[in-house]
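K.L.:
Protein chains in written order, with the working numbering: chain A, 1 to 125; chain B, 1 to 373.
Note that these hints are calculated values from the structure, not bench results.
Hints are not guaranteed to be accurate.
Stated by the list, open to error - Simulated coverage check for chain A against chain B, where a stretch passes if three residues somewhere in it have a Cβ under 8 Å from a Cβ of chain B: (1) 28-41; (2) 45-59.
Unchecked claim - Pairs of lysine-lysine residues, derived as DSS-like cross-links and limited to a Cα-Cα distance of at most 30 Å, are as follows: (3) B:LYS354 to A:LYS49; (4) B:LYS75 to B:LYS136; (5) A:LYS46 to B:LYS354; (6) B:LYS367 to B:LYS299; (7) A:LYS101 to B:LYS354; (8) A:LYS46 to A:LYS101; (9) B:LYS299 to A:LYS94; (10) B:LYS354 to B:LYS299; (11) B:LYS136 to B:LYS265; (12) A:LYS122 to B:LYS10; (13) B:LYS299 to A:LYS99; (14) B:LYS354 to A:LYS99; (15) A:LYS46 to B:LYS299; (16) B:LYS299 to A:LYS101; (17) B:LYS299 to A:LYS49; (18) A:LYS49 to A:LYS101; (19) B:LYS367 to B:LYS265; (20) B:LYS265 to B:LYS75; (21) B:LYS313 to B:LYS354; (22) B:LYS68 to B:LYS265; (23) A:LYS99 to A:LYS122; (24) A:LYS94 to B:LYS354; (25) A:LYS94 to A:LYS49; (26) A:LYS105 to A:LYS49.
Small disclaimer: the values here were computed from a predicted structure and weren't measured.
All C-beta atoms, glycine included, are put in the ideal place defined by N, C-alpha and C.
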Amino acid sequence: MAVTKYTEEHEWVRVEGDVATVGITQYAQEQLGDVVFVEVPAVGRKVAKGEACAVVESVKAASDIYAPVAGEIVEGNAALADSPGDVNAEPTGKGWFFKLKLADKAELDGLMDEAGYEAFVKSLG
Amino acid sequence: MSDPAAGPLKRTPLYDLHRELGARLVPFAGYEMPVQYPTGILAEHTQTRTSCGLFDVSHMGQVRLTAKAGHSTAKAMEMLVPGDIVGLQPGQQRYTQFTNDQGGILDDLMVTSTGDHLLVVINAACKDADLAHMQKHLSATCEVEPMFSRGLLALQGPQASAVLSRLAPQVATMTFMTGAYVVIDGARCYVTRSGYTGGDGYEISTPADQTDAIARKLLSNPEVKPIGLGARDSLRLEAGLCLYGHDIDTTTTPVEAVLLWSVGKERRVQGGFPGASVIQRQIAEGSTRKRVGLLPDGKAIAREGAEIAIGGKIVGTVTSGGFAPTLGRAIAMGYVERAQSANGTKVDLMVRGKPVPAEIVPMPFVKHAYYRG
Numbered sequence: 001m002a003v004t005k006y007t008e009e010h011e012w013v014r015v016e017g018d019v020a021t022v023g024i025t026q027y028a029q030e031q032l033g034d035v036v037f038v039e040v041p042a043v044g045r046k047v048a049k050g051e052a053c054a055v056v057e058s059v060k061a062a063s064d065i066y067a068p069v070a071g072e073i074v075e076g077n078a079a080l081a082d083s084p085g086d087v088n089a090e091p092t093g094k095g096w097f098f099k100l101k102l103a104d105k106a107e108l109d110g111l112m113d114e115a116g117y118e119a120f121v122k123s124l125g
Numbered sequence: 001m002s003d004p005a006a007g008p009l010k011r012t013p014l015y016d017l018h019r020e021l022g023a024r025l026v027p028f029a030g031y032e033m034p035v036q037y038p039t040g041i042l043a044e045h046t047q048t049r050t051s052c053g054l055f056d057v058s059h060m061g062q063v064r065l066t067a068k069a070g071h072s073t074a075k076a077m078e079m080l081v082p083g084d085i086v087g088l089q090p091g092q093q094r095y096t097q098f099t100n101d102q103g104g105i106l107d108d109l110m111v112t113s114t115g116d117h118l119l120v121v122i123n124a125a126c127k128d129a130d131l132a133h134m135q136k137h138l139s140a141t142c143e144v145e146p147m148f149s150r151g152l153l154a155l156q157g158p159q160a161s162a163v164l165s166r167l168a169p170q171v172a173t174m175t176f177m178t179g180a181y182v183v184i185d186g187a188r189c190y191v192t193r194s195g196y197t198g199g200d201g202y203e204i205s206t207p208a209d210q211t212d213a214i215a216r217k218l219l220s221n222p223e224v225k226p227i228g229l230g231a232r233d234s235l236r237l238e239a240g241l242c243l244y245g246h247d248i249d250t251t252t253t254p255v256e257a258v259l260l261w262s263v264g265k266e267r268r269v270q271g272g273f274p275g276a277s278v279i280q281r282q283i284a285e286g287s288t289r290k291r292v293g294l295l296p297d298g299k300a301i302a303r304e305g306a307e308i309a310i311g312g313k314i315v316g317t318v319t320s321g322g323f324a325p326t327l328g329r330a331i332a333m334g335y336v337e338r339a340q341s342a343n344g345t346k347v348d349l350m351v352r353g354k355p356v357p358a359e360i361v362p363m364p365f366v367k368h369a370y371y372r373g
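Work the whole structure out from these sequences, hints included.
P.N.:
Written as structure tokens, this is what we have:
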């Protein structure tokens, strides 16, 4: 069964077995505005928790996407190269960024659940 | 430049309208300004290129110069700018720059002659300094009258003429870079056929208290949508137009910025403006660097500050870069050493430590569509 967790950097992490799919939240895509370029990490790259490993560019600015937990990249969303607008249209669906194999499942415990994330977004005003 | 800590943000006469339209408001040059409306920057950009967009640019500074007895505003103004102002016929508008003694650019501006006055439009972030500069140097010969509370609306795009003509038929035949007093919705406005998008359009100087009504009237036309500062930036970049504080500043001269077209032919010879000797030397000998257009091969965007390299050697810096919605690809402009500035030159733009291959190309990136009659 898939479990979805959230970070304070407005990423979602959907965990199935020992693989996590990572993307940005609806709130994040609204804040970014129109996404025009996405760079995803190469397969096989080992990333530390909090490491910048993808880039999302809106018309206005470039933003880093951080690895929410440590692991090894097993897939990047190649389709985003040609359709970066998927990040706006379906941030939690077709607009996913990368999948990584978890190095330490216990790190997930430090992330927020959906209710926690909703409260966090509300606290931002 | 304005100090963001200098006090509360100012508001233009259209603040309430922006709120009503759902704009995302951001601090810009001391003002609370709309960066985009709910449809987003890409849609606003396309709207302006294909139909018509309304921009609130009331944060920009408007100043009226009136000659004191026995003096000429145009002659006085020429002491501060390299443009041919004396040659401006009534109703003509010109783009020029305030220069410093090193030939650097203090601000870029539009000057329009009404016959009786010069109307000057300056950048928001520079307007207090520009006003002080004009008062210091022009007060002996001119009345320098800030009109900072007036509204300034830009109506831009291929349908702008059709739309504005419904309210004021005489604007249809106005040509690019001309201006006239026009009554719109009962308000006496000054309209110029100009803008900052590379397309056809108008800028409309409005009395403060009638700006909101005129903006609503324009927006009631089905062709017109409100456009924020985000699309204003992508539109001007496609048009190859400089953004002050980024592509031009006190360290760049009009020659380096490839704005020599805006320096009057006689003035190049006669001088008489700040930094004339530097600019004349650069005209004769060439400047060491030059502003160029840059077209990256891939989709990565090289933004302001990205280094420009050839074979691993740094030859310049990107000053503006972004996504060009009309072209569906990234574009940029920047300065490179003149020896490396020829069109077709292959360079690398350093984006997040990685070289992005790019080519030096002529500007504009998107053909200008000015109405010349």
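K.L.:
Taking the hints in turn, state whether each one holds.
P.N.:
Hint by hint, here is what the structure shows:
1. 28-41: Since 5 is at least three, the answer is holds.
2. 45-59: Per the Cβ count (4), the hint holds.
3. B:LYS354 to A:LYS49: 23 Å, holds
4. B:LYS75 to B:LYS136: 15 Å, holds
5. A:LYS46 to B:LYS354: 19 Å, holds
6. B:LYS367 to B:LYS299: Satisfied, since the Cα-Cα distance of roughly 21 Å is no more than 30 Å.
7. A:LYS101 to B:LYS354: Measuring from Cα to Cα gives roughly 26 Å; hence the hint holds.
8. A:LYS46 to A:LYS101: 9 Å, holds
9. B:LYS299 to A:LYS94: 20 Å, holds
10. B:LYS354 to B:LYS299: 13 Å, holds
11. B:LYS136 to B:LYS265: With a Cα-Cα distance of about 27 Å, the restraint between B:LYS136 and B:LYS265 holds, given a limit of 30 Å.
12. A:LYS122 to B:LYS10: The hint holds at about 28 Å.
13. B:LYS299 to A:LYS99: Status holds; Cα separation ~22 Å.
14. B:LYS354 to A:LYS99: 23 Å, holds
15. A:LYS46 to B:LYS299: It holds: about 25 Å lies between the C-alpha atoms, which stays within 30 Å.
16. B:LYS299 to A:LYS101: Answer holds: B:LYS299 to A:LYS101 is near 28 Å, not above 30 Å.
17. B:LYS299 to A:LYS49: Distance of about 28 Å is within 30 Å: holds.
18. A:LYS49 to A:LYS101: 12 Å, holds
19. B:LYS367 to B:LYS265: 25 Å, holds
20. B:LYS265 to B:LYS75: Measuring from Cα to Cα gives roughly 16 Å; hence the hint holds.
21. B:LYS313 to B:LYS354: With a Cα-Cα distance of about 14 Å, the restraint between B:LYS313 and B:LYS354 holds, given a limit of 30 Å.
22. B:LYS68 to B:LYS265: With a Cα-Cα distance of about 27 Å, the restraint between B:LYS68 and B:LYS265 holds, given a limit of 30 Å.
23. A:LYS99 to A:LYS122: 28 Å, holds
24. A:LYS94 to B:LYS354: Since the Cα atoms of A:LYS94 and B:LYS354 sit roughly 27 Å apart, the hinted pair holds (cutoff 30 Å).
25. A:LYS94 to A:LYS49: 24 Å, holds
26. A:LYS105 to A:LYS49: 12 Å, holds
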